[in-house]
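*Asks:* Going line by line, the protein sequences match chains R and U.
Just so you know, the first sequence maps onto residues 1 to 234 in my numbering.
Just so you know, the second sequence maps onto residues 1001 to 1094 in my numbering.
One thing to keep in mind: the hints can contain errors.
[Said to hold, decoys possible] Cut-off 27 Å, straight-line C-alpha distance, at most; resulting in silico cross-link-like pairs (BS3-like, lysine-lysine): (1) Lys100(R) x Lys230(R); (2) Lys100(R) x Lys1036(U); (3) Lys198(R) x Lys1036(U); (4) Lys82(R) x Lys100(R).
I should point out that these hints are in silico values taken from the structure, not numbers from a laboratory.
A quick note: this is a predicted structure, and the numbers were derived from the prediction, not measured.
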Amino acid sequence: MENRLLSLLPPDELDRLLPRLERVSVSMKQIIYQREGPIEYVYFPVDTIMSQIATMQDGTVVEVATIGREGMVGLPVFLRAKRTTLSGFAQVMGDAYRMKAEDLLAEVQRGGPLVNILLRYTQALTVQIAQGSACAQLHSVSQRCARWLLMTHDRVGADSYQITQEFLCQMLSVRRATVSEVASSLQQAGFIQYSRGKMTITNRQGLEGAACECYNAIRREYENATEDLKQSVS
Amino acid sequence: MRTINEREFEAMCREVHRQASALTEGITDPSQRTQKLLRVLFDRVCQHLQLDCQAQMAELEDHDGFALLQTLEEHMQPEFFYSNILDQCLLTAV
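The following block holds chain R by itself, in its conformation from the complex:
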């Protein structure tokens, strides 16, 4: 199973859940759930990347969490929230497994391994958001940009991916000129190549050196979560 959370399920549990998991293609820009709207499905990304975003009254959008194959989009359902002020949308096209919200709620009622996995995942995502918040206050745009590129690299699983300047502006909450300047300096350092929206990570180690400590802190949290869950299952 290509989604990390689902892959942590014992085989018999996964077999039991498979009929309720539907593999779907997700389009870039597809709205997964709207703020204050109902959440009909939860998504377990395979190779798509989704964002949780906060939208301000003037339409400004800021990403609060990036979610790929390490996670699930639709945590409010698990936490029994009927609606949320955040929205979820796909930023990179790809596949995901989706499950009806009512089916997930039935699983929560039932208890069992999926609930334990989602509880531990909730903790990891909370750390990701908290670390991201600290990062935004303390670290330079260049460090944050390097962190974001690495996190996306991890989730896409390929050295090249497509990304527009405007999208990076949204993710980093900075002006276009700033993104342009930062991308140019990372390119000059030989860590990335960026042309016509195509981002290629050319020196991952170098990029890791350019990122702030938050990249490793978030990665470690997810690794710890996986370890904890593997131990609890075995």
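Model the placement of chain U on the given structure of chain R, informed by the hints.
*Replies:* Just chain U, lined up with the frame of chain R:
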């Protein structure tokens, strides 16, 4: 090089939004509905910019709507935040 401004793109999005039901008739999957509307917008942007849609898609190695965004990046004048306009259109049209 021909350009596109915020007002022109906004008008295109409004038009697509108005026609969304007809354009996506018979398509129930939200992913396919999103793709269809992105494609229609891309065609209209290319037409406005007098670009060959197919050639532009091939050049930009289009995957599922990326070409629309990159084309806007390269031809908008003056710069504007096209995502806010596009997201608003898709949010209520899909």
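*Asks:* Look at each hint and say if it fits the structure.
*Replies:* Each hint, compared with the structure:
1. Lys100(R) x Lys230(R): Distance of about 26 Å is within 27 Å: holds.
2. Lys100(R) x Lys1036(U): Cα-Cα ~24 Å, so holds.
3. Lys198(R) x Lys1036(U): Distance of about 23 Å is within 27 Å: holds.
4. Lys82(R) x Lys100(R): holds, 14 Å
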